[in-house]
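Chains as they are written, first to last, in the working numbering: chain A, 1 to 115; chain B, 116 to 231.
Bear in mind the hints are in silico, worked out from the structure with no lab data behind them. Just so you know, these numbers come straight off a predicted model, no measurement behind them. By construction, the Cβ of each residue, glycine as well, lies at the ideal position given by its N, Cα and C atoms. Treat the hints with care, since some could be wrong.
[To be verified] For lysine-lysine, the following DSBU-like pairs were computed, each having C-alpha atoms within a straight-line distance of at most 35 Å:
1) A:K11 to B:K137
2) B:K184 to B:K173
3) A:K71 to B:K164
4) A:K16 to A:K62
5) A:K71 to A:K15
6) A:K62 to A:K78
7) A:K78 to A:K11
8) A:K78 to B:K164
9) B:K137 to B:K164
10) B:K137 to B:K192
11) B:K184 to B:K164
12) A:K71 to A:K16
13) A:K11 to B:K164
14) B:K164 to A:K62
15) A:K11 to A:K71
[As the list claims (entries may be wrong)] Pulled from the structure, derived: some chain A residues nowhere near chain B, Cβ distances all over 10 Å:
16) I13
17) N30
18) D74
19) L84
20) L115
[As the list claims (entries may be wrong)] Computed, partial: chain A to chain B, Cβ under 7 Å:
21) Q41
22) G42
23) P43
24) T103
25) P108
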Amino acid sequence: EAGVVQSPRYKIIEKKQPVAFWCNPISGHNTLYWYRQNLGQGPELLIRYENEEAVDDSQLPKDRFSAERLKGVDSTLKIQPAELGDSAVYLCASSSGTSTAETQYFGPGTRLLVL
Amino acid sequence: AQSVAQPEDQVNVAEGNPLTVKCTYSVSGNPYLFWYVQYPNRGLQFLLKYITGDNLVKGSYGFEAEFNKSQTSFHLKKPSALVSDSALYFCAVRDPVRESARQLTFGSGTQLTVLP
Numbered sequence: 001e002a003g004v005v006q007s008p009r010y011k012i013i014e015k016k017q018p019v020a021f022w023c024n025p026i027s028g029h030n031t032l033y034w035y036r037q038n039l040g041q042g043p044e045l046l047i048r049y050e051n052e053e054a055v056d057d058s059q060l061p062k063d064r065f066s067a068e069r070l071k072g073v074d075s076t077l078k079i080q081p082a083e084l085g086d087s088a089v090y091l092c093a094s095s096s097g098t099s100t101a102e103t104q105y106f107g108p109g110t111r112l113l114v115l
Numbered sequence: 116a117q118s119v120a121q122p123e124d125q126v127n128v129a130e131g132n133p134l135t136v137k138c139t140y141s142v143s144g145n146p147y148l149f150w151y152v153q154y155p156n157r158g159l160q161f162l163l164k165y166i167t168g169d170n171l172v173k174g175s176y177g178f179e180a181e182f183n184k185s186q187t188s189f190h191l192k193k194p195s196a197l198v199s200d201s202a203l204y205f206c207a208v209r210d211p212v213r214e215s216a217r218q219l220t221f222g223s224g225t226q227l228t229v230l231p
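In isolation and in its complexed conformation, chain A is listed as follows (with noise of 0.2 Å):
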């Protein structure tokens, strides 16, 4: 079985310029999660979907920040303009259910680097 695919895996971009991370999710996970890692630190939630539903985006900085996940499988997230603190990894999770028992499993990340 298929992990989650990320992509790209590296990203470099100067600041002010857009930038986007796609993510696939393991085939029937139904929950979806956006996190970012700073350095030397853990994962922190951006958003959460389930199926096409964005559930908790709390966290998710709006103002440059964007998110979709059409027709409940691929979902993409969006940076516009980026900046200089964006920089960090990009994880994206999965889980097959809405129990929060669920096990969350994780791409690989994008590991983006803003100049």
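Once you've looked at the hints, dock chain B against the given chain A.
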């Protein structure tokens, strides 16, 4: 609010010796607890979780963790460390009472180095 503390940034252990990576938590109710491992330039890999039942949970690669409610701890253990166990380990907690949140809160991570 839920929180997790990993008091040690770095743990060094000799190969073949037992290892312990510490984790303490704070939630309003009974917690769901998770351990993940992260290798360089890789995503987080699930090791084990405690939901309910037996306080000793066994997971992947010979790891286990013991839930201790009185000490609000969930330490990760392995009887005999391998050099390949060297990685960054994260403890995470979820408060099942707060259904609307369903957020996994992670600790800051502990870098485990197993010395040959």
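Each hint tested on the structure:
1. A:K11 to B:K137: Between K11 of chain A and K137 of chain B the Cα gap is close to 34 Å, so the pair holds against 35 Å.
2. B:K184 to B:K173: This hinted pair holds, its Cα atoms lying about 17 Å apart.
3. A:K71 to B:K164: 31 Å, holds
4. A:K16 to A:K62: 16 Å, holds
5. A:K71 to A:K15: 31 Å, holds
6. A:K62 to A:K78: 10 Å, holds
7. A:K78 to A:K11: 13 Å, holds
8. A:K78 to B:K164: Holds - the C-alpha atoms of K164 of chain B and K78 of chain A are around 32 Å apart, at most 35 Å.
9. B:K137 to B:K164: Holds: K137 of chain B and K164 of chain B sit about 15 Å apart, inside 35 Å.
10. B:K137 to B:K192: 9 Å, holds
11. B:K184 to B:K164: This hinted pair holds, its Cα atoms lying about 15 Å apart.
12. A:K71 to A:K16: At roughly 30 Å apart (the allowed maximum being 35 Å), K16 of chain A and K71 of chain A satisfy the hint.
13. A:K11 to B:K164: Given that 35 Å is the threshold and the Cα spacing comes to 33 Å, the pair holds.
14. B:K164 to A:K62: 32 Å, holds
15. A:K11 to A:K71: 26 Å, holds
16. I13: The claim stands: I13 of chain A keeps its Cβ more than 10 Å from every Cβ of chain B (closest is about 19 Å).
17. N30: 13 Å, holds
18. D74: Its Cβ never comes within 10 Å of chain B, the nearest being 17 Å, so this holds.
19. L84: 22 Å, holds
20. L115: The assertion about L115 of chain A holds, with a minimum of 20 Å to chain B.
21. Q41: 6 Å, holds
22. G42: Hint holds; G42 of chain A Cβ to chain B Cβ min 3 Å, cut 7 Å.
23. P43: This hint holds: P43 of chain A lies near chain B, its Cβ roughly 5 Å from the closest one there, short of 7 Å.
24. T103: 5 Å, holds
25. P108: 5 Å, holds
Hint violations for this structure: none, all hints satisfied.
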